[in-house]
Amino acid sequence: MRDVITVAHLTLLEARRRRIVLAGAVCALAFLTVFSVAVVFAYREMARDGTISFIERQGTLTAIMLVGFMAANFLSVIFAILLPVDTLSGEIDSGVVQTLASKPIDRAQIVLGKWAGHLLLALSYLLLLAAGILLVIRVVAGLAPAGVPRALPLLMLEITLSLTVAVAGGARFSTVTNAITAVGFYGVAFIGGFVEQIGGLAGVGSMRTIGILVSLVSPADSMWRLAAHYMEPEILRSTGMLALGASVPSPLMVWWAIGFTALTLLYAIRAFRRRAL
Amino acid sequence: MIIETRGLRKQFGTTVAVSDLSLQVREGEVFGFLGPNGAGKTTAIKMLLALVEPTAGTGRVLGAPLGDRAARARIGFLPEHFRFHDTLTATELLRFHGRLYGLRGGSLDARIDRLLTRVDLVDAADRPLRGYSKGMLQRAGLAQALLNDPRLVFLDEPTSGLDPLGRLLVRGIIDELRAGGATVFLNSHLLGEVEATCDRVAFVKRGRLVEERRLAAPTAVVDLEVRVGPVTATTLDGLSRFGTDVVQPRPDLIALRVESDAAVPAIVSWLVQQGVSIHAVQPRRQSLEDVFLDVIGDDERPG
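Chains P and V, in that order, give the protein sequences. Counted the way the numbering used here counts, the first sequence spans residues 1 to 277. Counted the way the numbering used here counts, the second sequence spans residues 1 to 303.
A few of these clues could be false.
What follows is a list of derived Cβ distance ranges for each label pair [as the list claims (entries may be wrong)]:
(1) 198/P / 14/V: 46 to 54 Å
(2) 74/P / 180/V: 35 to 43 Å
(3) 294/V / 21/P: 57 to 65 Å
(4) 87/V / 138/P: 19 to 27 Å
(5) 41/P / 87/V: 39 to 47 Å
(6) 19/P / 20/V: 47 to 55 Å
(7) 13/P / 15/V: 36 to 44 Å
(8) 69/V / 21/P: 29 to 37 Å
(9) 210/P / 70/V: 28 to 36 Å
(10) 56/V / 251/P: 48 to 56 Å
(11) 58/V / 259/P: 46 to 54 Å
(12) 102/V / 206/P: 57 to 65 Å
(13) 15/V / 188/P: 29 to 37 Å
Residues from chain V that keep clear of chain P, each with C-beta distances beyond 12 Å, as calculated [as the list claims (entries may be wrong)]:
(14) 7
(15) 49
(16) 92
Stretches of chain P that chain V covers, calculated by requiring three or more beta carbons in the stretch to come under 8 Å of a beta carbon on chain V [stated by the list, open to error]:
(17) 10-24
(18) 143-154
(19) 175-182
Everything labelled a hint here was simulated from the structure, so no lab data went into it. If you're wondering where the values come from, they're calculated on a predicted model, not measured in any experiment. Every residue gets a Cβ at the ideal spot worked out from N, C-alpha and C, and that includes glycine.
Turn these sequences into a full structure, and let the hints guide you.
Below is the structure:
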C-alpha cells in the first residue's frame, strides 16, 4: 500500500508540475463563469417577465442546471480519459517505466498508484464543477435540487469507469491508439444513450433494446442518464421537457458499472504485468 | 553464483532476440557483457530484471528466481538512455526511488546527499531534470542505481553519454563497488572501458553466448613480434614448439602467438642458440577489440 501511495504521490506531483492542475482549474473557472452569467441573465429576465409563473421559472432554471451538469459531466469524462491516456503507454515508450518496474514493487502497485493519483484529480475536477453549478443555482435562484446526493456518486462512478478504461488501454496500446479507443468507447455509450432515449420517446422497442445492449458493452453514459433522472424534479419529469425520462437505465446498471470498472482495472494490472518493458 | 541462467530465450513474434543464453556470473566480479548491436544484450538484462518475461529457459539472480522482489531490493539498475519524469529535480528523483526501496527519513536524505556528491551533481541537485545535459542525466541515473547499496548492479551503457571526466567517474564508482564486494554487470560498446574495468567478459552473438574470457590474466595470449637477421626455414619451423600462427611477413620479422609473456625468454634464448641475431622483441597483448572482432566475426560488421 505504501508503494501505491508513493506512485500516486508522484503522479499528483507530475500533474501539478506539468500544469495539468492549473489548466483544469482555469477551464473549470471559465465554464462556471459562463454558466453563472447564463443563469443570472435567465433568472433576471424571467423575474421581469410577469407572464412566467414561479413554477415555470423554477422549472426552467432546473433545466438549465441539468444542462450545466450535462456539460460538466461531458468535460469531466473527457478530462478523465485524456489525463491518464499516456501514463503507462508514454512511460513504456520512453523507457521511464524500466527504472520504476525494476524496483522491488509489484507492477500492480504501479498501475494502482497511477490510477489512484489520476482518479483523485479527475474526481476533484468533477466535484469542483458540480459544486460550482450548485452554488450558482443556489445563490442566484435559491434552488437546492433534492436528487443531487443520489446523482453525484453515479457521476463519480462514470468518471472512474472512463478513467479506468483509459488506464487499461495504456497498459496494452500506444498512446494515440489508447486515446482513440477510450474516446470511442465513451462515444459508443453516448450514441447508445441517444438511441435508447429516442427509442423510448418514439415508442420503438428495438431502438431501446439496441441502446440497452450498447450500455451493457459501454456503461459509462447510462450513469449520467440515471443521475440526470434523479436530479430531474417530478414536476419537470411529468412535462417531458427534457426527455430524460423516456428511457431510464435500470438501477442494476450501477452494479454492472461497478463490476465493469473492477474488471477493467484487473485487466489493466494483468496486461501491465505481462507487458514486455 | 550471483547470476545463473540456463537456456534463456526471448522471442517477440517471429523475431528471436535471445536464442539460448546460459550464463554464470560470480559474486564480486565486474562482468562485461559484449556483443554487436541487436545481439540481445539489453533484452537479456531485461529478462534478468524481470522487465521482460523469458519465452523459455530458467534463471536465478542472487539465488532467487527471476523477478523475485526480495532479490530486486538488493539490485541496482541503470537502463540504457536513462530517462525519468523531467519535471522532478535530482533530489526528488532520488527520494522517490529511495522510497520504493523502502528507505525513509534521515537515512535516505543522508544517502541522497552522499550520492549526489559522488556523481558530482550537488550544484544541480535542485534543478529539474529537463535542464540536464545527457551526461548529467546519466549520472543522476547512476545515483538512483546505487541508492540501496546494491549487491548487484546492472549498468547498461553507463558511459555512452559521458565526457572523459564522466567516464573516469563511472570507472571510479565501479572500482568502489568491486572493492565493496558488489557484483557489476556491465553492458557497454566502449571496449576500452570494459577492458579497463572488467574482470571477465562474455560475448553474445545472435542471442547466444559464444565466448567467455578472463581479462588481464597472467596467462593471457600474447602476439609476439621479433625483428631478426636472416632466418632459415628450419628455424622458422622450430618456433612452432613455442607458439602458434608462426609467420614471417617480412624477411626481418617473425610473428607468432604465445600463451603468455613467460614464453619470451625461452624463445629469445633458442633463437640465439640457432645463430639468429635479434634486434628487437615486441610482445603485443591482444586488445579486447581484436578479441571482439575475432569472436564476433566479419559477418556482424555493419554495412
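Outcome of the hint check:
no. : hint                      : result
1   : 198/P / 14/V: 46 to 54 Å  : holds (49 Å)
2   : 74/P / 180/V: 35 to 43 Å  : violated (58 Å)
3   : 294/V / 21/P: 57 to 65 Å  : holds (58 Å)
4   : 87/V / 138/P: 19 to 27 Å  : violated (39 Å)
5   : 41/P / 87/V: 39 to 47 Å   : holds (42 Å)
6   : 19/P / 20/V: 47 to 55 Å   : holds (50 Å)
7   : 13/P / 15/V: 36 to 44 Å   : holds (38 Å)
8   : 69/V / 21/P: 29 to 37 Å   : holds (33 Å)
9   : 210/P / 70/V: 28 to 36 Å  : violated (53 Å)
10  : 56/V / 251/P: 48 to 56 Å  : holds (51 Å)
11  : 58/V / 259/P: 46 to 54 Å  : violated (38 Å)
12  : 102/V / 206/P: 57 to 65 Å : holds (59 Å)
13  : 15/V / 188/P: 29 to 37 Å  : holds (35 Å)
14  : 7                         : holds (19 Å)
15  : 49                        : violated (5 Å)
16  : 92                        : violated (8 Å)
17  : 10-24                     : holds (count 5)
18  : 143-154                   : violated (count 0)
19  : 175-182                   : violated (count 0)
Checked against the numbered hints given earlier, this structure breaks hints 2, 4, 9, 11, 15, 16, 18 and 19; the rest are met.
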